[in-house]
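Peer 1: Read off the chains here:
There are 2 protein chains.
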Amino acid sequence: MPKPSTPSSINAQLRQVLKDYVAQFAQLNDAELEAMFEHLNIREYPAGKVLLREGQVGNRCYFVLQGCVRQYYLIDGLEKTTHFYTEGQPVLSTFSFDQQPSKFYLYCNEPCVLIVGAPEDEINFLQMFPQFESINRIGVEHELKKSQETFANYMLSTPESRYRNLLETRPDLLDRVPQYQLASYLGITPESLSRIRKRITLK
Amino acid sequence: MPKPSTPSSINAQLRQVLKDYVAQFAQLNDAELEAMFEHLNIREYPAGKVLLREGQVGNRCYFVLQGCVRQYYLIDGLEKTTHFYTEGQPVLSTFSFDQQPSKFYLYCNEPCVLIVGAPEDEINFLQMFPQFESINRIGVEHELKKSQETFANYMLSTPESRYRNLLETRPDLLDRVPQYQLASYLGITPESLSRIRKRITLK
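Residue numbers (my numbering), protein chains in the order written: chain A, 1 to 203; chain B, 1 to 203.
This is chain A alone, in the form it adopts within the complex:
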């Protein structure tokens, strides 16, 4: 069972993660930020926790305050990783608007502290703080733009340039994620990833 956290147990560092995220597209004063923290559902999960399975209907979305959540598809018995969500990233693709079962898994690669959102929480929250409706919308617009840029970059790049891009934009991933998962995420075999790493180190 996930361990519920009270707002007082959320330390300043975790609060800062959400503050930094929101500050990208909204100016909130301290009172508004505190009100937000008090009404969020924040949970801790151990490494290995499966948040969503293939076949389940997703009815939650998340925001990573700490840890790494991995999205993968199980194809012919092999895990194909399509996303690593880390600190400051929302996990919004898990909610099923049309009640269709999920095609993928969502898995805590590390112990995680997550904000958990359910539709009923959101409705209540937005009734209390209607100004968050537009903040929410702009936040999702940002995510959509980033998602489409990531997709275009993937389409336009070779596995080696994808790896170089990861080195530049998400260097923490290279240390915190097992090599076979990283290789799968880059669309290559672990052996190819090893060759690319050697080549880059030699240069």
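Simulated from the structure, these hints should not be mistaken for lab results. A few of these clues could be false.
One copy or two, either will do: identical chains are not told apart, so a pair holds if it fits within one copy or between any two.
[Stated by the list, open to error] Below, a list of computed lysine-lysine pairs in the DSSO-like style, where the Cα atoms sit at most 30 angstroms apart:
#	residue 1	residue 2
1	103	19
2	145	103
3	19	146
4	80	49
5	145	19
6	103	203
7	80	146
8	49	203
9	19	80
Based on the hints, put chain B in the right spot on chain A.
Peer 2: Same frame as chain A, now just chain B:
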């Protein structure tokens, strides 16, 4: 110069495109729909119109009522197509929140009828119709989910299965888009696309 359209010139078929899109996530009555149409900025563009160039700061978003808008990157003098937006699809990735210049082009592949959105229009529109704030947000959430699914499908598939998927999900594209653009969108050469088509026809 784009030719401005009055709401009366938007025929029932075009209205239906937007109605069908909105009906996916909101129930609007006829009065609300009419109010929406009256306040939208609807424009016609000829085939060949460039809506956004590499290096420009994007300050518009679009919704396709008719036609096909293509997104491409110019890499070493070659156009690499990353998206075809057709009837019923919003083009939301073009707006630059951070005033960064665009890395891609947005081009009318056909004569187009588009809803054009600018930040100031949106603010005015939402002040008049605050109920659209949540409809907008849910619409963008839908787009984000679809975008992430398309990305995952691309990562997990071979060029041949990408082509088969297109045959199933967007068969109209195969007839309305030049082969070299389609090949680029699938991440292959026109020769490979031609081989895949022959193989599938023979089966």
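Peer 1: Now tell me, hint by hint, if it's right for this structure.
Peer 2: Verification of the hints:
1. 103 x 19: between (32 angstroms within a copy, 29 angstroms between copies)
2. 145 x 103: both (23 angstroms within a copy, 12 angstroms between copies)
3. 19 x 146: Both: 19 angstroms inside a chain and 27 angstroms across chains, each within 30 angstroms.
4. 80 x 49: This pair counts as within: shortest intra-copy Cα distance 18 angstroms, inter-copy 40 angstroms.
5. 145 x 19: both (20 angstroms within a copy, 24 angstroms between copies)
6. 103 x 203: between (40 angstroms within a copy, 28 angstroms between copies)
7. 80 x 146: For residue 80 and residue 146, both the intra-copy (21 angstroms) and inter-copy (19 angstroms) Cα distances are at most 30 angstroms.
8. 49 x 203: neither (40 angstroms within a copy, 44 angstroms between copies)
9. 19 x 80: Result: close neither inside a copy nor across copies, 32 angstroms intra and 37 angstroms inter.
Of the numbered hints stated above, those contradicted by the structure are hints 8, 9, listed in ascending order.
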